[in-house]
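J.: Following the hints, complete the assembly by docking chains A and F onto the known chain G.
Chains as they are written, first to last, in the UniProt record's numbering: chain G, 1 to 223; chain A, 1 to 236; chain F, 1 to 273.
Since the hints were derived computationally from the structure, they do not count as laboratory data. Source: prediction; values computed, not measured. All residues carry an ideal CB built from backbone N, CA and C; glycine is no exception. Take these hints with a grain of salt, some might be off.
[As the list claims (entries may be wrong)] Derived EDC-like pairs: lysine to aspartate or glutamate, alpha-carbon spacing no greater than 16 Å straight-line:
| # | chain 1 | residue 1 | chain 2 | residue 2 |
| --- | --- | --- | --- | --- |
| 1 | F | 240 | G | 183 |
| 2 | A | 92 | A | 137 |
| 3 | F | 68 | G | 131 |
| 4 | F | 124 | A | 72 |
[What the hints assert, rightly or not] Pairwise CB distance ranges (calculated):
| # | chain 1 | residue 1 | chain 2 | residue 2 | range |
| --- | --- | --- | --- | --- | --- |
| 5 | G | 169 | F | 254 | 51 to 59 Å |
| 6 | F | 256 | G | 122 | 51 to 59 Å |
| 7 | F | 186 | A | 201 | 28 to 36 Å |
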Amino acid sequence: MTKQHPAWSPYDNNGGTCVAIAGADYCVTAADTRMSTGYSILSRDYSKIIKLADKCVMASSGFQADVKALQKLLAARHLIYQHQHNKQMSCPAMGQLLSNTLYYKRFFPYYSFNVLGGLDNEGKGCVYTYDAVGSYERVGYSSQGSGSTLIMPFLDNQLKSPSPLLLPAQDAVTPLSEAEAVDLVKTCFASATERDIYTGDKLEIVVLNKDGIHREYMELRKD
Amino acid sequence: MDLKMEDFNAPHSMGTTIIGVTYNGGVVLGADSRTSTGVYVANRASDKITQLTDNVYLCRSGSAADSQTVSDYVRYFLHQHTIQLGQPATVKVAANLVRLLSYNNKNFLQTGMIVGGWDKYEGGKIYGVPLGGTIIEQPFAIGGSGSSYLYGFFDQAWKEGMTEEEAEQLVVKAVSLAIARDGASGGVVRTVTINSEGVSRKFYPGDTLPLWHEELEPQNSLLDMMNVASPEPMNM
Amino acid sequence: MSNSAIDVPSRGGFSFDLCRRNDMLAKKGVNLPSFRKTGTTIVGLIFQDGVILGADTRATEGPIVCDKNCEKIHYMAPNIYCCGAGTAADTEAVTDMVSSQLQLHRYHTGRESRVVTALTLLKKHLFNYQGYVQAALVLGGVDCTGPHLHTIYPHGSTDTLPFATMGSGSLAAMAMFESKYKEGLTKDEGIQLVVDAICSGIFNDLGSGSNVDVCVITKGHKEYLRNHLLPNPRTFVNAKGYSFPKKTEVLLTKITPLRERVEVVEGGDAMEE
Numbered sequence: 001m002t003k004q005h006p007a008w009s010p011y012d013n014n015g016g017t018c019v020a021i022a023g024a025d026y027c028v029t030a031a032d033t034r035m036s037t038g039y040s041i042l043s044r045d046y047s048k049i050i051k052l053a054d055k056c057v058m059a060s061s062g063f064q065a066d067v068k069a070l071q072k073l074l075a076a077r078h079l080i081y082q083h084q085h086n087k088q089m090s091c092p093a094m095g096q097l098l099s100n101t102l103y104y105k106r107f108f109p110y111y112s113f114n115v116l117g118g119l120d121n122e123g124k125g126c127v128y129t130y131d132a133v134g135s136y137e138r139v140g141y142s143s144q145g146s147g148s149t150l151i152m153p154f155l156d157n158q159l160k161s162p163s164p165l166l167l168p169a170q171d172a173v174t175p176l177s178e179a180e181a182v183d184l185v186k187t188c189f190a191s192a193t194e195r196d197i198y199t200g201d202k203l204e205i206v207v208l209n210k211d212g213i214h215r216e217y218m219e220l221r222k223d
Numbered sequence: 001m002d003l004k005m006e007d008f009n010a011p012h013s014m015g016t017t018i019i020g021v022t023y024n025g026g027v028v029l030g031a032d033s034r035t036s037t038g039v040y041v042a043n044r045a046s047d048k049i050t051q052l053t054d055n056v057y058l059c060r061s062g063s064a065a066d067s068q069t070v071s072d073y074v075r076y077f078l079h080q081h082t083i084q085l086g087q088p089a090t091v092k093v094a095a096n097l098v099r100l101l102s103y104n105n106k107n108f109l110q111t112g113m114i115v116g117g118w119d120k121y122e123g124g125k126i127y128g129v130p131l132g133g134t135i136i137e138q139p140f141a142i143g144g145s146g147s148s149y150l151y152g153f154f155d156q157a158w159k160e161g162m163t164e165e166e167a168e169q170l171v172v173k174a175v176s177l178a179i180a181r182d183g184a185s186g187g188v189v190r191t192v193t194i195n196s197e198g199v200s201r202k203f204y205p206g207d208t209l210p211l212w213h214e215e216l217e218p219q220n221s222l223l224d225m226m227n228v229a230s231p232e233p234m235n236m
Numbered sequence: 001m002s003n004s005a006i007d008v009p010s011r012g013g014f015s016f017d018l019c020r021r022n023d024m025l026a027k028k029g030v031n032l033p034s035f036r037k038t039g040t041t042i043v044g045l046i047f048q049d050g051v052i053l054g055a056d057t058r059a060t061e062g063p064i065v066c067d068k069n070c071e072k073i074h075y076m077a078p079n080i081y082c083c084g085a086g087t088a089a090d091t092e093a094v095t096d097m098v099s100s101q102l103q104l105h106r107y108h109t110g111r112e113s114r115v116v117t118a119l120t121l122l123k124k125h126l127f128n129y130q131g132y133v134q135a136a137l138v139l140g141g142v143d144c145t146g147p148h149l150h151t152i153y154p155h156g157s158t159d160t161l162p163f164a165t166m167g168s169g170s171l172a173a174m175a176m177f178e179s180k181y182k183e184g185l186t187k188d189e190g191i192q193l194v195v196d197a198i199c200s201g202i203f204n205d206l207g208s209g210s211n212v213d214v215c216v217i218t219k220g221h222k223e224y225l226r227n228h229l230l231p232n233p234r235t236f237v238n239a240k241g242y243s244f245p246k247k248t249e250v251l252l253t254k255i256t257p258l259r260e261r262v263e264v265v266e267g268g269d270a271m272e273e
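Extracted from the complex, chain G is given alone in its bound form (with noise of 0.2 Å):
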């Protein structure tokens, strides 16, 4: 028997769902906190939400030293940025960065599924949703990572959005109150640990409203 050898990956992926849910003055970003591998757990409580800037929150699953790769870049980009223009980078302006970002590196992607949640320059909830090389798209709720098969269809069944392509362009903000928002997001989690093995331990909610960013957590499954 001849033993093979895998040719060797510069990719890994880490599993991990995302999702976030705009709203008309506030915007829920989630995820799970379980960093895995194959059929391993490397960490139940490793965070995938990070703080942008004071009204942008990111959310991403995929592979976890391509995320943080690029968590750092954007981080550094967003310095600059302060630096120059003496103010935070708005949500729909950090959404065109990441873009950008990642289609800098078309064609060696960053490995890396991401929603972006926040609230806009009139303070109302905004969602971007992205794939890995920078194709993205402003929507009222999104899902990204292993269980976001299991979540989408469930959140288009409850929250349905206008095509984006009716004129006059309709809001695609949700009709949920915050709470209501919350507790979707928490069914969703929930479900998705019953039936997605890389969904699990714990969920972290991020709150962006006009008071402010808020930060609570949910206990999932462990197996």
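T.: Leaving out everything else, chains A and F in the frame of chain G:
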């Protein structure tokens, strides 16, 4: 180190050390006890010296599934043969059955074996049956991945006309040497001694085996090792 | 001479007719459907009065859990049970087949089945299929010769051990056994150790999860403790519940009876024999 699922689907392989030695009046068979799938030790106390008849035993190496199947068939044939003959089968007959199966199914089998035993016609005999179905009658035979560490040792240490004790000590020493060097061999040493008196099995636990050349003492737990030499606080 | 091939009626077993076609398709990039695998933790140990088997209850298809509470401890005979890991269809088929052979053997002999009989039947079948029947088993039982515990690998090799683990969680479970197992455990100690080993697999191996099944077999008696422990309850339920009002859109409500479009002749001529 990375454990992949392929390791578990890989066929069970006995990276092994097996030995058969003749002495004045009989034979001694020896083996380690490690069975591995890839880098995982699936069984640390396996018995690779299988009984074929009252007076003939078989040391197995290579694929566990293949060698178990071959030995099951040979045992079955020998039982029939013994009943038909009305007396114990000879070592030569047993070895020839092993060879027959190995040779006829050589494209499907990955196993090397050593047949050893005693009969009233020829006394103690050792037969090596390596991969393709060759059969060689030898004064001593070694096999498995650990055997490559032992050829020189046996050329030097084996003597014509040893006593039972000398032969057994030689086998235990050889297996423990191979265990020390070969990663695919390990665990305990098992021996089977066969002569006109009958058969005796012996078992040498891993922590009683001699240590060779800067080998570490066996520990029950890796944590115990840390307590052996607790580091002194550094003085500035 | 020209055509000496004769169609022989099939004698049972698997058909490999499509293997060459599937190889060709695989080379062209058509992937086979994924099988339901029991990425599993299964264990067994011998205690003072007999054998205890344990299993988790998760079945997966790739990263998705397809059964949250499946049964992995299979019945072989009244005094023998068998835990299965690997492709669910194979473990199910192979244990069902052998248990039926054992039943027939009992009718024939009028005696209780022995564990070695089950072991030999299983290993023979698995060896025949050279590892393609992907069943990794932990076989345990008590017969007239005492308690027995065996592991059987997909290629047909077997081991005889006082404690054994199998499946993707076998390393996690074996860590528990290697540190805590001793000879002559009581029933309660034995069950606790099996539960600890399975839980170690459930929590540390992503292929294993949900609940703990246990089966205790002693001389002339057995206890199948289905869902002995439920360590993973759902963590959140929305008090208000959800409504799913959208239904399939109704396009047409007019019904066209087909009977009016065709002529149905009742009681025509009977078909010729």
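J.: For each hint, tell me whether it holds in the structure or not.
T.: Here's how the hints hold up against the structure:
At most 16 Å may separate the alpha-carbon atoms for a hinted pair to count; residue 240 (chain F) and residue 183 (chain G) meet this at roughly 10 Å. For the given pair, residue 92 (chain A) sits about 9 Å from residue 137 (chain A) by alpha-carbon distance, which is consistent with the 16 Å threshold. Only pairs whose Cα atoms come within 16 Å are accepted, and residue 68 (chain F) paired with residue 131 (chain G) is rejected, the gap being roughly 31 Å. Restraint check: the Cα-Cα separation between residue 124 (chain F) and residue 72 (chain A) comes to about 10 Å, which is no more than 16 Å; the hinted pair holds.
With their beta carbons about 38 Å apart, residue 169 (chain G) and residue 254 (chain F) fall outside the hinted range of 51 to 59 Å. The hinted range of 51 to 59 Å is satisfied by residue 256 (chain F) and residue 122 (chain G), whose Cβ atoms lie roughly 54 Å apart. Checking the proposed 28 to 36 Å range against residue 186 (chain F) and residue 201 (chain A) shows it holds: the Cβ atoms sit about 31 Å from each other.
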